[in-house]
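Student: Sequence lines, in order, name chains A and B.
Throughout the first sequence, residue numbering follows my numbering, covering 1 to 208 in sequence.
Throughout the second sequence, residue numbering follows my numbering, covering 209 to 651 in sequence.
Hint data in this document are derived by calculation from the structure and do not stem from the laboratory.
Among these hints, one or two may not hold up.
As the list claims (entries may be wrong) - Derived CB-CB ranges, DEER-like: (1) G80(A) to S500(B): 52 to 58 Å; (2) T381(B) to K30(A): 41 to 47 Å; (3) V524(B) to E79(A): 36 to 42 Å.
To be verified - The calculated DSS-like cross-link candidates involving lysine-lysine, where the alpha carbons are at most 25 Å apart (straight line), are: (4) K61(A) to K496(B); (5) K61(A) to K422(B); (6) K292(B) to K47(A); (7) K333(B) to K348(B); (8) K292(B) to K61(A); (9) K422(B) to K47(A); (10) K47(A) to K299(B); (11) K299(B) to K61(A); (12) K61(A) to K452(B); (13) K47(A) to K452(B); (14) K617(B) to K47(A); (15) K468(B) to K496(B).
Claimed, not checked - Incomplete in silico selection of chain B near chain A, CB under 10 Å: (16) F288; (17) K292; (18) T434.
By construction, the Cβ of each residue, glycine as well, lies at the ideal position given by its N, Cα and C atoms.
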Amino acid sequence: MLGKGEKRKFDEHEDGLEGKILSPSDGPSKVSYTLQRQTIFNISLMKLYNHRPLTEPSLQKTVLINNMLRRIQEELKQEGSLRPVFASAAAAAAAAAASPPSGAPGGPKPEDPKLMDSLPGNFEITTSTGFLTDLTLDDILFADIDTSMYDFDPCTSASGTASKVAPVSADDLLKTLAPYSSQPVAPSQPFKMDLTELDHIMEVLVGS
Amino acid sequence: MGEDTDTRKINHSFLRDHSYVTEADIISTVEFNHTGELLATGDKGGRVVIFQREPESKNAPHSQGEYDVYSTFQSHEPEFDYLKSLEIEEKINKIKWLPQQNAAHSLLSTNDKTIKLWKITERDKRPEGYNLKDEEGKLKDLSTVTSLQVPVLKPMDLMVEVSPRRVFANGHTYHINSISVNSDCETYMSADDLRINLWHLAITDRSFNIVDIKPANMEDLTEVITASEFHPHHCNLFVYSSSKGSLRLCDMRAAALCDKHSKLFEEPEDPSNRSFFSEIISSVSDVKFSRSGRYMLTRDYLTVKVWDLNMEARPVETYQVGAAASKSRSPSERVTRFFPAPPPSASVIMTGAYNNFFRMFDRNTKRDVTLEASRESSKPRAVLKPRRVCVGGKRRRDDISVDSLDFTKKILHTAWHPAENIIAIAATNNLYIFQDKVNSEMH
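Construct all of the structure, not just a fragment, from the sequences and the given hints.
Tutor: Right under this line is the structure:
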């Protein structure tokens, strides 16, 4: 039953995502909490964008998923501290993302124009890309959340998932994320985030 | 529950192939009319099928009170919104019967955007003996007409005619999730994700907006309306539920725009139960008033709750739907809507769950039972066996383990006959009708 508070062993965490009330400050279980959060983040983003292209996405579903993503974002902001050297870059990117994408002529996603023209669509694009931009800079650099796999453009799917920034539990993160990633990743590969790849992701997501 | 009388399938005459479930057949709403004589179902293909209860006959005691197909019609068609380049689904979201005022029956059916008023009439006589036309309807040669006759009404096979009487269009920007006819029998309301409109049943080109929770900046949107209903007796009161799990009771006498609620029903979150999915789980999928109007019934992901209108702080009763419902892994499953059914006697609550199970809770004895609606597990007129879901540990012979539950088989829609212990359960594309013939108590 949900919310019973039982702690499970680390390798069982995939079986019952809901069964946990691990707080982020617990020692060894912080890792599984982080993984859990990452997995939920992944699933949520997939759900957000995974709808039939011709019909309007359900506003209720979008709102609930966005609320969850916002909560995760809040938690991350509280946990990690913004390094001053990247703060301005983050702010600039956030501002760029928040301004409505006008036209997005290079629009990599085919459903972009439709989503931007409709009210719920606007809501989707601006808020969710707002998240992702904040998160891509703050958190990829701080290795908490990896959004480099969210490359929805089929033309550019070749790049972007090859290298990732190393979190504390790198191998485990990969193991968790492997099912969702379309490309096989060697667990022992050293990770590094390429800034050009980061720019590329930003372009895909924000359309600027 | 006692015997089950019948299992009926939706009329498949529209389909090409009977061997698999096509999406258009999935039942999306079930509603008895006020006497229980008629049962209407809507499906994803925009069709409405109405079943009628056969009058009890002494000759065949087993066939008394069974439901047969009465009428089938296409209520909504798929449309295309050219401005947004998006399809508008024809799926029937809700059907509500109007109180019967003459020989005809009327119902409201709605998809995401448009509400329609349908009138259902019976014709069992036709006039014969026209002077100017012959039996086939062709004009007679006037030279052959030598005398005048008065046409007489002759009986004919019963024909059920359904005609659209009103179309209430362009009232909603977002998807309509519920409609509710007012006790004044003149007005009704329709609710979408962000707004609720009040309509007059006779006026289609105008509606009044009575609730608007759309924020000035859509990026600030965190809550949507999930269901709404008028009070059964007070025509000025209505309630609406939100995705955050709160209920708001509004009084239309207070203001033209009821954004400020009169009462707010919300259970404080238990901090020890907080998880990533707390909000999704607490989202209310449906709210219904009890017959007396004193209580409200709400369904969220894990529970069914009974609220007393006089107490806003927390529900008076909470029923766990069970471990079955809590094991789903994907967040999108949790936006599923389950519709509870307020029973005539208000002592038993029924709600649907996963794996084609439905649950019934007896409010007096506090006992509950899980039953299954499937053709494999129940034959017509056989007694339903209670099912048990086990969550690991000891497993008895007929138990279902929680891991083998089929979460794609959900019972989303149930309805209870207004006067008798007859329930209708919609499971995907099948409609099950169960009846308690022996007595009204649960076993």
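Student: Determine for every hint whether it applies to the structure shown.
Tutor: Checked hints:
1. Distance hint check for G80(A) and S500(B): the Cβ-Cβ separation is about 54 Å, which falls inside the suggested range of 52 to 58 Å.
2. Roughly 44 Å separates the CB atoms of T381(B) and K30(A), a value that falls within the hinted 41 to 47 Å.
3. A beta carbon spacing of about 40 Å between V524(B) and E79(A) agrees with the range 36 to 42 Å that was offered as a hint.
4. The hinted pair formed by K61(A) and K496(B) meets the criterion: a straight-line CA distance of about 22 Å does not exceed 25 Å.
5. As the CA atoms of K61(A) and K422(B) are separated by approximately 16 Å, the hinted pair is consistent with the 25 Å bound.
6. Between the alpha carbons of K292(B) and K47(A) the distance comes to roughly 21 Å, so the proposed pair stays at or under 25 Å and holds.
7. A distance of roughly 23 Å separates the Cα atoms of K333(B) and K348(B); the hinted pair therefore holds under the 25 Å criterion.
8. Distance check on the hinted pair: K292(B) and K61(A) sit about 19 Å apart at the alpha-carbon level, within 25 Å; holds.
9. At roughly 23 Å between alpha-carbon atoms, K422(B) and K47(A) fall within 25 Å of each other, so this suggested pair holds.
10. For a cut-off of 25 Å, the pair hint linking K47(A) to K299(B) stands: about 22 Å separates their Cα positions.
11. Of the supplied pair hints, the one linking K299(B) and K61(A) holds, its CA atoms being roughly 18 Å apart against a limit of 25 Å.
12. Restraint check for K61(A) and K452(B): the C-alpha separation of about 12 Å stays at or below 25 Å, so the hint holds.
13. Distance check on the hinted pair: K47(A) and K452(B) sit about 19 Å apart at the alpha-carbon level, within 25 Å; holds.
14. For a cut-off of 25 Å, the pair hint linking K617(B) to K47(A) stands: about 20 Å separates their Cα positions.
15. Restraint check: the Cα-Cα separation between K468(B) and K496(B) comes to about 21 Å, which is no more than 25 Å; the hinted pair holds.
16. Hint status for F288(B): holds, given a least beta-carbon distance of 9 Å to chain A, under 10 Å.
17. Because the beta carbon of K292(B) sits about 4 Å from the nearest beta carbon in chain A, less than 10 Å, this interface hint is met.
18. Hint status for T434(B) relative to chain A: holds, with the closest Cβ pair at about 7 Å, below 10 Å.
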